[in-house]
Amino acid sequence: MSTTAEAAPSTTAPRRLPVTDLSLVVLIGATGSGKSTFARRHFKPTEVISSDFCRGLVADDENDQSASRDAFDVLHYIAGKRLEAGRLTVVDATSVQSESRKQLVQLARKYDVLPIAIVLDLPEEVCAARNAERPDRAGMPRHVIQRHKRELRRSLRGLEREGFRKVHILRSVEEVDAAEIVLEKRYNDLTHLTGPFDIIGDIHGCRSELETLLQKLGYEDGAHPEGRTAVFVGDLVDRGPDSPGVLRRVMGMVASGNALCVPGNHENKLGRWLKGRNVQHTHGLAETIEQLEKEEDSFKEEVKDFIDGLVSHYILDGGNLVVCHAGLPEKYHGRTSGRVRSHALYGDTTGETDEFGLPVRYPWAEDYRGRAAVVYGHTPVPNTSWINNTICLDTGAVFGGKMTALRWPERELVDVPAEKVWYEPVKPLLTEAPGGHDGRPLDLADVAGRRVVETREHGRVAVREENAAAALEVMSRFAVDPQLLVYLPPTMAPTGTSKVDGYLEHPAEAFAQYRADGVAKVVCEEKHMGSRAVVLVCRDADAARERFGADGPTGVVHTRTGRPFFDDATVSELVLARLRTAVDEAGLWEELDTDWLLLDAELMPWSLKASGLLRQQYAAVGAASGAVFPGAVAALEAAVARGVEGADELLAKQRERAADAGLFTEAYRRYCWPTQGLDGVRLAPFQLLAVQGRSLAGVPHDRQLAWLDRLVEHDPTGLLHTTRRLVVDTGDEASVQAGIDWWLEMTGRGGEGMVVKPLDALVRDGKGRLVQPGIKVRGREYLRIIYGPEYTRPEQLAKLRERFLGHKRSLALREYALGLEALVRLAEGEPLWRVHEAVFAVLALESEPVDPRL
Amino acid sequence: MTISTTGTPERPATDLGFLLHKHPDRKQSFPTSHGTAHVLYPEASAERCTAALLLEVDPVALVRRGKGKGRGGSPDLALAQYVNDRPYAASSLLAVALSSVFKSALHGVCNARPERAEQPMPLRIEVPALPARGGADLVRKLFAPLGWSTVEAVPVPLDAQFPEWGDSRYVQLTLEGELRLAEALRHLYVLLPVLDDSKHYWVSPDEVDKLLRAGEGWLASHPEQKLITTRYLSRRWGLTRQATQRLELARLADADDIAVEEIDNAVAEETETAERPTPLAEQRREAILGALRAAGAGRVLDLGCGQGQLVQALLKDVKFTEIVGVDVSVRALTIASRRLKLDRMGERQAERVSLLQGSLTYTDKRLTGYDAAVLSEVIEHLDLPRLPALEYAVFGSARPRTVIVTTPNVEYNVRWETLPAGHVRHGDHRFEWTRQEFRDWAGKVAERHGYGVEFVPVGPDDAEVGPPTQMAVFTRVTPDDKHTENVKEVKVA
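Those protein sequence lines, which keep their order, are chains A and B.
The first sequence maps to residues 1 to 854 in the working numbering.
The second sequence maps to residues 1 to 493 in the working numbering.
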């Protein structure tokens, strides 16, 4: 082991220059001082922007000084774009004048990165000699270098004052040669840590609840046996009974590497008190001070150091997770500035104060569109919920609420109730999502443009801009009042394509799919061929007013795109009245403890709502084919009789086509019958979606249908219609065959088909993924309406079998999840815009391109 | 369709085979762009000869035009494109087949029997399912002046089982007369698509030439020449319509089992053209411009700008320094942008104007801080229960200093001679108000939001029923920040 082998080529020891990995590095030095060479040696070519290069860009000549102004515009622009994107940027210009550096410092501040100065202060002779070697600079007058040197000398002492957070000065060729750049990670960059994490909301001295929560999360004496890491979002102290105890626990876990912690505004204030600053002992600080007075001074010293060392926010898990106290817009993630720190600790405010004298918080989460999930606290809310990939974990434990943790990456919530109200809140916890205004009207920003809706059951669902635009048009011009439009039904995927001769769809595939998904019991429900209708029926106009803000109507009947089902509101009320009577008689108001019901149903006949389309399209096809074939067949028969070559073959084909056209006409006719007022109108409810305070979308279908059967039984008017059903065991061959036979029999008599649903309604497969809530199996004859009169011809079927269901299935799941989300948000009493956001997204998704025949 | 003729031993009917250039004893098939055309002769004797043209439309070939873009292995189209009458109806597709299969006959060329091609002959033509927009009457009007002795057009009922649905748009057409075969074929070539009047199947860009050639000798003197020309060439609009067609809206229409026209109707089919300015619209614009000038407004919102007529008028006055047209219909905005020639507009002009998609039932931060907002013929397109949302978005949230609202005066409707009693002026009007109803609404709005309001008649102010259009000019009286207490209670259950 020899150390002599290390022969140093230079007399100067290597000099390490620390540079933060996201910063704006400004090279400073006279012309000829070797900045470009230095930059080339230490940084990637793309990280360096030189003013000479920019001059070349705008003026075709790197030395054209008259182009400097434009060249610097370009330089600042490129540097800005790089910094905005979070990339280390090196500016290679002389930067000897304070004015030019000032602009760069401002640029760094604008993007919340550190400005760093590296000065090459080399002797004039060295600069002159270097310039002389370059043909393009050989003619440069000596006084230019002298001027640069003069300006540099004047600048040197003030660089820190100008705002540079690190200043490295290299004064000789040897120092320059020996320099070594050391990239340092930002303190907030913990992207390499992947957890798993348990992120814990505001504690406020609630030591006992914290211990219970840690225990529930599986921690044993501050450590998790599976190596999980706790992450505290701050506000450990103040208001509660044992802030020192909480600090001791958290500090211990952080010290042992079992936890991370970001500071809350309360730690910040406590830290200032500990440093002897003059702070007001308000908002619960007095309690903490009193508790701390009983502690040793050494402990207080430890607390001071702990708070001093806290980093405003952390980027974790490869950049997928951001934890901070008060929420942070994406542009501040991983940035380092006073502004970022203050935002992370205190959040953004509108500048106003509310009636309790508290600052009104700016609803930053509503605007958030970032990729990383932001987990924060600070604003006490009664319940947590994801908004645009952000979640607030402050559930007001100290105010008698609960203490909440989020498991990451599982995204599971774990909470424990407060043992008591430890501290009376200044204002009541609002029953609203964080960031939401109380009952504000709908805003365009709630729905327009590209959006992502967080769903509890299916994660993030994206809505594209063009689909939102179409939905906006329909929602604005045709839909019922959004207050009454609390749900839109999802689209449904058809069964896998059948290989059975003559069939495009057949139940066997549907049963097989559910079996593969691990669903043992399914219910086959008769598919009524009418028009989809969602019915919201309230007990009376007062209930409608109180629950939905409706002025006059007692509910609503709307189509699957939210349009009023009946043009005439009195007809709608008539339907609601009959339904209400049935609910009265069946005693469901009391049983379900509600004064309104939301039903998913089919309204028949099809001709009632779709008469325009029927006449324009379906009956028209029937009429045209009915008119054309008799003549065509007669002409061909005559030609065959004459012995025209080839006519017989054509005749046979036309006869088949005529027969198919006849079957087509029969197919649509089955779903048409005349109505007069409500006479002849049938409403077949097949799911009870929600009642006051509860979504019922997860209630098994047998219980669902039992409720609905009672409604039908108690309707004396004949409006309500039962939905026939059959339960099938997907693992039992005989049962499956019975299901197939049932379908064959029903569609043979002209039925549209059936929907196969998991009996337990809301089901996940073995991998935890949501299972299709229903699969439609449409009858052979019905499908003529969809695929055309002649679709059963073998050559057409062969082509149609190439259909691809993946997108439709994915769409069905996304819309289903959005529908569920709307119901849950409604049940939890969230503000209108939150319910509307999910409903609107269903409509937008309905305008996504997908084969309309599926 | 069939073409029949009668003959004598000297001039045998079977000459039809020579004229059509198709042998009477063989079935002949020809590929066309949308399927296969067959020609055969059910009868062929010296006395009577009938040629039948049978077009087998390949529905798959029809939809192939929009190939590839949709998800799910199919073209990106609305459902109506898959199940339609094209395989059965005598549409423009038949006209195209006719022109290619009987090309020489259409041009009056017959090398074997040149003299017969020059002469009229007794003809009987049957078209069993002719789509005829305008019905049997129009069919007669179009064919009768052309020398046909018999023009029989029997309407086909939509569905015999549902007589209440009435007739379909098809007629069974029988034509009889002494005409040259070429003439007869040209009539059909032009008039089949004219009667079909379908928007979806545009044929080719040199339609004007084709029309001139096929119409030679008869179109110029036809009493319905204008209609024929307009309709024939208007099929070219199919292109523009397709270009602006919102497939997203078509899909939403499909979801509701309605025709796309029922929801994609923000832009009227018959658009107001420069040649035909409606005087009332003109007067309305003048009144609005006057009120805006009187208010000294420079930055103006045109809320519900439609096709941008008012925006265009505002641009002509430099006092309006910033003009923002807002509409919920993307199609309307596309047309407005084209009308204003936004892409070719000079920089200074272009800086003054912008078009935005927006909705007046949502508050919109982009619309705050303007001098004035115009809602010209907008409120009546909203269902009454949605009006409070518009009221809040405009008067509570955007809060321009001046708001100008125009809407029809329903009392005046009795003065429109063409308007049947009890009808609204536009299919999409959800309501039309009397002067009193408008004043009541405007008065309450003004009071709730701190505005003063004045009413101005637009158009001839009839002593009994008032003006055709009523206009309200709202002017903000309270300071800008005193409106928060008016926030509507909108919490849901």
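Just so you know, these hints were derived from the structure itself, not from any lab.
Any given hint might turn out to be false.
[What the hints assert, rightly or not] Here are the in silico distance ranges between beta carbons for each label pair:
| hint | chain 1 | residue 1 | chain 2 | residue 2 | range |
| --- | --- | --- | --- | --- | --- |
| 1 | B | Ala-144 | A | Gly-677 | 20 to 28 angstroms |
| 2 | B | Lys-341 | A | Arg-801 | 26 to 34 angstroms |
| 3 | B | Lys-341 | A | Ala-512 | 33 to 41 angstroms |
| 4 | A | Ala-445 | B | Arg-439 | 45 to 53 angstroms |
| 5 | B | Gln-283 | A | Gly-449 | 21 to 29 angstroms |
| 6 | B | Ala-144 | A | Val-633 | 52 to 60 angstroms |
| 7 | B | Asp-58 | A | Gly-768 | 15 to 23 angstroms |
| 8 | A | Ala-516 | B | Ala-160 | 54 to 62 angstroms |
| 9 | A | Pro-674 | B | Val-154 | 21 to 29 angstroms |
[To be verified] Here are the computed lysine-lysine pairs in the BS3-like style, where the Cα-Cα straight-line distance is at most 25 angstroms:
| hint | chain 1 | residue 1 | chain 2 | residue 2 |
| --- | --- | --- | --- | --- |
| 10 | A | Lys-44 | A | Lys-185 |
| 11 | B | Lys-365 | A | Lys-653 |
| 12 | A | Lys-166 | A | Lys-331 |
| 13 | A | Lys-102 | A | Lys-166 |
| 14 | A | Lys-331 | B | Lys-365 |
| 15 | A | Lys-216 | A | Lys-402 |
In this text, a Cβ means the ideal position worked out from N, Cα and C, and glycines have one as well.
Open item on the list: If you test the structure against every hint from before, which numbers come out violated?
Closed with: 1, 2, 3, 4, 5, 6, 7, 8, 11
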